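Participant: Each chain, letter by letter, is given below.
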Amino acid sequence: MAIEIVMPALEMAQDVGVLISWLKSDGESISKGDLLFEIETDKAVIEIESPGSGILSNVSASAGDKVPIGQVIAYLLEEGEDLPKAAILSIADVSKAQGESKLCVLGSEKTPSALKKKSKLVAASPKARRLATELDIDLSAFSASLADRAIQAKDILDVGSIKIDDLIKGNAYDVIEMNGMRRAIAQRVIQSHQNVPPISLTLSIDMSETISRIDDWNKKQAKVESKIKLSSLLCLGVAKTLTQHRELNGHIIDDKIHRYNVVHLGVVVALEDGLMIPVIRNAQSLTMEKIHLKLNELTDRARKQRLKKEEMSGSTFTLSNLGMHGVEQFTSILNLPEVGILSVGTVKDTSVGVEGKIELRSIMQVTINADHRAVDGVAAAQFLKTLKNTFESPASLFE
Amino acid sequence: MTREYEKDFLLKLYRQMMTVRGFEEQVLRLFEKAQIPGIVHVSVGQEAVPVGVCAALNTDDHITSTHRGHGHCLAKGAEVSRMFAELFGKVDGYCQGKGGSMHIANQKSGNLGANGIVGGGISIAAGAALSAKLQKNNRVSVSFFGDGALNQGILAESMNMASVWNLPIIFACENNQYGEYTPMRLVTAGTIKMRGEAYSIPSVTVDGMNVLAVYEATSSAVELARKGEGPSFLVFSTYRYYGHGMGDRNRSYRTREEEREWREKRDPIDNFKQYLLKIEDIAESDCDNIQGEVAQEIERGIEIAKQAAYPNPEAVADHVYAE
Amino acid sequence: MQNNTREITIIQAINEAICEEMQRDEKVILIGEDVANAQGVFKVTDGVLNKFGPERILDTPISEAGITGVGVGMAMTGLRPIVEIMFCDFLTLVMDALVNQAAKMHYMSGGNYQVPLVVRTLMGAGKRAAAQHSQSLHAWVAHIPGLKVMLPSTPYDAKGMLKTAIRDNNPVIFFEDKMNYQIKGLVPEPEDDYTIPFGKADLKREGDDITLIATSSMVLVALEAASELGEEGVSAEVIDLRSLTPIDEDMLVESAMKTSRCIVIDEGYQSFGVTAEVASVINEKAFYHLDSPVQRMGAMDVPVPFSPILEDQTIPNVEGIVRVTKQLLDN
Numbered sequence: 073m074a075i076e077i078v079m080p081a082l083e084m085a086q087d088v089g090v091l092i093s094w095l096k097s098d099g100e101s102i103s104k105g106d107l108l109f110e111i112e113t114d115k116a117v118i119e120i121e122s123p124g125s126g127i128l129s130n131v132s133a134s135a136g137d138k139v140p141i142g143q144v145i146a147y148l149l150e151e152g153e154d155l156p157k158a159a160i161l162s163i164a165d166v167s168k169a170q171g172e173s174k175l176c177v178l179g180s181e182k183t184p185s186a187l188k189k190k191s192k193l194v195a196a197s198p199k200a201r202r203l204a205t206e207l208d209i210d211l212s213a214f215s216a217s218l219a220d221r222a223i224q225a226k227d228i229l230d231v232g233s234i235k236i237d238d239l240i241k242g243n244a245y246d247v248i249e250m251n252g253m254r255r256a257i258a259q260r261v262i263q264s265h266q267n268v269p270p271i272s273l274t275l276s277i278d279m280s281e282t283i284s285r286i287d288d289w290n291k292k293q294a295k296v297e298s299k300i301k302l303s304s305l306l307c308l309g310v311a312k313t314l315t316q317h318r319e320l321n322g323h324i325i326d327d328k329i330h331r332y333n334v335v336h337l338g339v340v341v342a343l344e345d346g347l348m349i350p351v352i353r354n355a356q357s358l359t360m361e362k363i364h365l366k367l368n369e370l371t372d373r374a375r376k377q378r379l380k381k382e383e384m385s386g387s388t389f390t391l392s393n394l395g396m397h398g399v400e401q402f403t404s405i406l407n408l409p410e411v412g413i414l415s416v417g418t419v420k421d422t423s424v425g426v427e428g429k430i431e432l433r434s435i436m437q438v439t440i441n442a443d444h445r446a447v448d449g450v451a452a453a454q455f456l457k458t459l460k461n462t463f464e465s466p467a468s469l470f471e
Numbered sequence: 004m005t006r007e008y009e010k011d012f013l014l015k016l017y018r019q020m021m022t023v024r025g026f027e028e029q030v031l032r033l034f035e036k037a038q039i040p041g042i043v044h045v046s047v048g049q050e051a052v053p054v055g056v057c058a059a060l061n062t063d064d065h066i067t068s069t070h071r072g073h074g075h076c077l078a079k080g081a082e083v084s085r086m087f088a089e090l091f092g093k094v095d096g097y098c099q100g101k102g103g104s105m106h107i108a109n110q111k112s113g114n115l116g117a118n119g120i121v122g123g124g125i126s127i128a129a130g131a132a133l134s135a136k137l138q139k140n141n142r143v144s145v146s147f148f149g150d151g152a153l154n155q156g157i158l159a160e161s162m163n164m165a166s167v168w169n170l171p172i173i174f175a176c177e178n179n180q181y182g183e184y185t186p187m188r189l190v191t192a193g194t195i196k197m198r199g200e201a202y203s204i205p206s207v208t209v210d211g212m213n214v215l216a217v218y219e220a221t222s223s224a225v226e227l228a229r230k231g232e233g234p235s236f237l238v239f240s241t242y243r244y245y246g247h248g249m250g251d252r253n254r255s256y257r258t259r260e261e262e263r264e265w266r267e268k269r270d271p272i273d274n275f276k277q278y279l280l281k282i283e284d285i286a287e288s289d290c291d292n293i294q295g296e297v298a299q300e301i302e303r304g305i306e307i308a309k310q311a312a313y314p315n316p317e318a319v320a321d322h323v324y325a326e
Numbered sequence: 048m049q050n051n052t053r054e055i056t057i058i059q060a061i062n063e064a065i066c067e068e069m070q071r072d073e074k075v076i077l078i079g080e081d082v083a084n085a086q087g088v089f090k091v092t093d094g095v096l097n098k099f100g101p102e103r104i105l106d107t108p109i110s111e112a113g114i115t116g117v118g119v120g121m122a123m124t125g126l127r128p129i130v131e132i133m134f135c136d137f138l139t140l141v142m143d144a145l146v147n148q149a150a151k152m153h154y155m156s157g158g159n160y161q162v163p164l165v166v167r168t169l170m171g172a173g174k175r176a177a178a179q180h181s182q183s184l185h186a187w188v189a190h191i192p193g194l195k196v197m198l199p200s201t202p203y204d205a206k207g208m209l210k211t212a213i214r215d216n217n218p219v220i221f222f223e224d225k226m227n228y229q230i231k232g233l234v235p236e237p238e239d240d241y242t243i244p245f246g247k248a249d250l251k252r253e254g255d256d257i258t259l260i261a262t263s264s265m266v267l268v269a270l271e272a273a274s275e276l277g278e279e280g281v282s283a284e285v286i287d288l289r290s291l292t293p294i295d296e297d298m299l300v301e302s303a304m305k306t307s308r309c310i311v312i313d314e315g316y317q318s319f320g321v322t323a324e325v326a327s328v329i330n331e332k333a334f335y336h337l338d339s340p341v342q343r344m345g346a347m348d349v350p351v352p353f354s355p356i357l358e359d360q361t362i363p364n365v366e367g368i369v370r371v372t373k374q375l376l377d378n
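Chains as they are written, first to last, in this note's numbering: chain D, 73 to 471; chain R, 4 to 326; chain S, 48 to 378.
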């Protein structure tokens with residue numbers, strides 16, 4: 073019975089053994105336990121004993137050979153025995169069994185492929201990058217204005233809310249960061265627009281008399297700063313009218329209507345890139361000159377963005393004048409929590425009927441927007457009526 | 004040793020020892036041919052211990068085993084083909100290919116498993132013994148461990164608990180004289196027996212090359228345990244003919260003379276066969292038949308295992324947690 | 048969950064869970080040092096010996112490795128043991144039994160053996176117990192496939208989670224917190240049996256600006272920080288992780304997507320711990336929804352000092368969480 077002599081696997085994953093030397097020769101008679109050959113491992117030279125007895129035959133490996141482990145390198149045959157057909161079993165079967173471990177796969181989000189292109193070192197959070205890709209916004213346009221911090225998601229979202237057809241792919245456009253003022257305006261108008269049920273009433277006022285009186289007054293003034301403007305008189309007129317129509321001079325706060333006895337008049341001042349609403353406090357009690365001075369001063373400081381905090385808050389009613397731009401009539405968004413805002417248009421020479429005849433008069437349209445929760449149409453109409461009277465018979469304003 | 008045994012019982016012991024030896028010799032060959040991956044530790048020469056001990060146990064008694072655990076597994080009751088399958092890493096193996104040689108186990112025959120940690124099974128066997136005591140099911144546990152484990156702290160802890168709680172456990176030390184590459188004497192202080200005596204555990208040294216001596220010592224210990232009289236410590240003196248593992252070919256830590264002495268004069272199977280023939284008056288043909296049957300069974304087992312399938316790769320993530 | 052009507056401490060909640068489960072299943076056995084006659088060094092097993100007798104609760108020698116190994120053997124042979132390891136610092140002694148034996152028995156045996164073992168142990172610094180009795184080593188065992196880890200922060204959670212652990216057929220390491228034991232909370236009547244599953248974190252507080260993910264006693268610290276932040280107008284969401292195996296990825300990711308910012312607060316040493324794992328999970332699953340990297344806040348990487356003035360520095364606190372939150376929001 074032939075006994076196979078193999079290059080033995082020893083332990084711990086070697087694929088080959090190096091045959092150092094045979095200690096017995098082909099044809100020699102071997103007893104079980106005799107030392108047959110030496111092999112080399114990482115660690116040492118090892119002598120291999122014969123697993124059985126017989127004549128060493130068909131030695132197929134020589135000193136110095138690197139033999140795959142498990143491979144037959146000789147046989148022990150009995151006297152007269154023939155060599156059997158040897159089946160060489162490879163170790164390939166065994167190692168194939170070790171399949172690929174799939175346990176290490178961790179689910180991760182699909183990477184937007186666009187993000188894989190590295191943008192030129194623009195610091196942006198992962199969320200910002202994703203949004204920029206989705207909204208097709210170029211991150212590098214931001215980096216100048218955000219020198220000191222990484223671009224965040226909210227930066228992208230603020231741009232992204234602009235209508236998409238305004239962003240033309242490939243064309244240059246400016247990205248303007250919303251500064252504090254812009255944000256404040258944005259926030260307030262949204263709030264107002266969403267929460268308030270407004271009514272809107274328009275009336276035309278004949279300002280001819282008022283204008284004439286202003287001219288007279290100004291002719292008598294030596295100092296430039298004493299020369300009053302229509303805008304100042306408008307403030308005074310509105311303030312005084314409000315004292316008679318307090319329903320429009322109020323706030324809605326927590327479902328309660330606060331009706332004020334004094335008029336703190338907010339006046340919209342246009343700035344280069346926004347607006348501010350400085351407040352003339354106790355406007356109803358000021359004289360024409362005082363209101364004029366106050367208005368000038370506040371407007372000036374507003375334009376320089378040097379208003380104090382208390383000068384920007386506490387208004388009970390707001391006045392907005394776009395007359396200087398030729399706008400004839402417009403409506404405004406309520407300056408919450410106020411219940412009323414007056415929009416004043418330009419003074420325009422208009423042909424009107426006066427006692428049956430057509431005359432050219434200086435006509436100015438005013439529009440009151442009011443919060444219908446506190447102000448009904450009639451109240452608003454009556455306010456307008458009084459306002460009209462005030463300016464069409466303006467003697468009281470000039471006292 | 005003048006007890007009389009049933010012939011069937013004696014032949015069963017012989018058959019089992021032949022099976023263990025035949026199995027282990029084939030494992031050696033298959034490993035050399037690189038058909039068994041990984042690490043194996045064969046117990047050729049030590050057959051009398053697992054066979055003698057397990058002969059004194061019931062199927063539902065528990066054992067824990069060591070890294071050199073093929074003999075324990077076979078003797079406690081296992082099919083040769085499914086053991087080869089496990090060693091090949093096939094799905095039909097006792098552990099579906101997931102344990103391999105060092106973790107082979109068989110729940111149906113009470114084998115809580117071989118263990119890759121020296122002493123790793125000792126406290127588990129104590130736990131099984133405590134379990135038997137609390138559930139009052141009259142089972143006993145045997146913890147197999149080698150002379151190397153004598154110096155693991157876990158043995159001291161387990162013996163202490165076994166003694167204090169009167170557990171039905173047998174601490175079965177297979178002293179094969181060497182812990183890996185180091186003679187036991189060089190690293191073990193005191194005597195082995197005194198380790199049990201220190202915890203008031205009845206301790207005895209037994210000739211581990213004599214299967215009947217092993218069987219008798221174990222039977223006495225089992226009786227004690229089942230009577231509720233607690234643990235025993237049996238120290239079996241035995242010898243492994245081959246190296247510690249498959250890389251240990253030189254066995255430079257011992258002499259060939261010593262090996263020859265054990266092999267030629269104290270071989271458990273040869274000596275038992277002589278005993279059967281001369282003392283128990285058993286026919287040689289009975290032994291030869293068994294030899295032939297065992298050889299066939301092993302050859303068939305290898306064939307079956309080779310034909311068996313490897314586990315489905317997706318099975319890698321199964322059984323991390325029980326349902 | 049039915050009406051929570053009784054206010055009890057975490058100790059009482061754990062005691063109730065143990066007693067109710069021992070009542071429900073005679074296979075549940077409790078072993079540990081000083082658990083039976085002394086009723087536990089923290090009185091967690093108060094009354095158990097009286098109720099169930101010495102064959103259901105056993106005092107062991109001081110042999111952590113041995114008793115845990117015994118627990119494994121018991122679990123493999125039909126019982127459902129609860130092993131108490133007095134301080135989780137002693138996990139060092141039981142690692143072979145837990146990691147090489149308990150965790151792997153089911154797998155190595157190809158599904159033949161189960162190990163329905165619960166190891167109850169104690170974590171947390173702040174009691175001046177010094178370096179070897181103040182650690183939180185839950186990351187060690189969470190790292191091992193085959194083990195399950197739970198750590199409650201309230202009585203309600205503690206009771207439901209311990210019941211789940213006891214009824215589960217796997218080795219579960221249940222971490223109680225020595226700083227939390229006297230915390231009170233509402234639980235249902237005893238008749239109202241409930242369990243809390245693995246892998247389900249708990250939203251302890253809703254918020255929009257930042258997510259605070261915390262474990263064990265750090266949940267309470269996070270809630271306090273959230274309260275303080277709330278007064279300053281920052282809305283913090285607090286998630287109690289509850290179990291580490293598995294981590295409740297869905298809840299974490301949903302929250303991270305909502306707030307874009309996360310801090311993980313855990314009492315393990317900051318490096319190589321639970322905080323890093325949770326941060327990684329969020330990074331992997333919600334990377335493109337984050338405005339800043341997930342922050343880790345663990346215990347300081349020093350052995351826990353004895354002197355109170357030193358120890359207190361090493362534990363994540365309210366002030367620290369508030370500070371880090373503000374940094375993240377400013378960025």
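Keep in mind that the hints were calculated from the coordinates and are not lab data. Computed from a predicted structure; not experimentally measured. Where hints are given, some of them may not hold.
What the hints assert, rightly or not - Calculated pairs, DSSO-like style, for lysine-lysine (alpha carbon to alpha carbon, straight line, at most 27 Å):
1. K373/S <-> K381/D
2. K420/D <-> K291/D
3. K226/D <-> K225/S
4. K291/D <-> K104/D
5. K226/D <-> K373/S
To be verified - Label-pair distances were calculated between CB atoms; the ranges are:
6. A312/R <-> E73/S: 57 to 65 Å
7. Q110/R <-> A177/S: 43 to 51 Å
8. E110/D <-> N292/R: 54 to 62 Å
9. A177/S <-> A312/R: 26 to 34 Å
Unchecked claim - Some chain S residues near chain D, calculated using beta-carbon distances under 8 Å:
10. Y228
11. I230
12. Y335
13. H336
14. D338
15. S339
16. Q342
For each residue, glycine too, the CB sits at the ideal point set by N, CA and C.
Participant: A separate judgement is required for each hint: does it hold in the structure or not?
Facilitator: Results of checking the hints against the structure:
Our distance criterion of 27 Å between C-alpha atoms is met by K373/S and K381/D, whose separation comes to about 26 Å. Of the pairs offered as hints, the one joining K420/D and K291/D holds, with about 22 Å between alpha carbons and a cut-off of 27 Å not exceeded. In summary, the hint linking K226/D to K225/S is not supported, as the alpha carbons are separated by about 43 Å, beyond the 27 Å threshold. For the given pair, K291/D sits about 138 Å from K104/D by alpha-carbon distance, which is inconsistent with the 27 Å threshold.
For the proposed pair K226/D and K373/S, the alpha carbon gap of about 17 Å is at most 27 Å, so the pair holds. Separation of A312/R from E73/S is about 42 Å and departs from the stated range, judged on CB atoms against 57 to 65 Å. In this structure, Q110/R and A177/S meet the distance hint of 43 to 51 Å, their C-beta atoms being roughly 45 Å apart. Checking the proposed 54 to 62 Å range against E110/D and N292/R shows it is violated: the Cβ atoms sit about 41 Å from each other.
A hinted range of 26 to 34 Å for the beta carbons of A177/S and A312/R is inconsistent with their spacing of about 56 Å. A cut of 8 Å between beta carbons decides the hint on Y228/S: the least distance to chain D is about 37 Å, and the hint is violated. Annotation: interface hint on I230/S violated; nearest CB of chain D at approximately 35 Å, more than 8 Å. This hint holds: Y335/S has a C-beta 4 Å from the nearest C-beta of chain D, less than the 8 Å allowed.
The interface hint given for H336/S is met, as the beta carbon of that residue sits about 5 Å from the closest beta carbon of chain D, less than 8 Å. Satisfaction of the interface hint for D338/S is found here, the shortest Cβ-Cβ separation to chain D being roughly 4 Å, below the 8 Å cut-off. The interface hint given for S339/S holds, since its Cβ lies 6 Å from the closest Cβ of chain D, which is under the 8 Å cut-off. Interface restraint check: Q342/S against chain D, minimum CB-CB distance 14 Å, threshold 8 Å, status violated.
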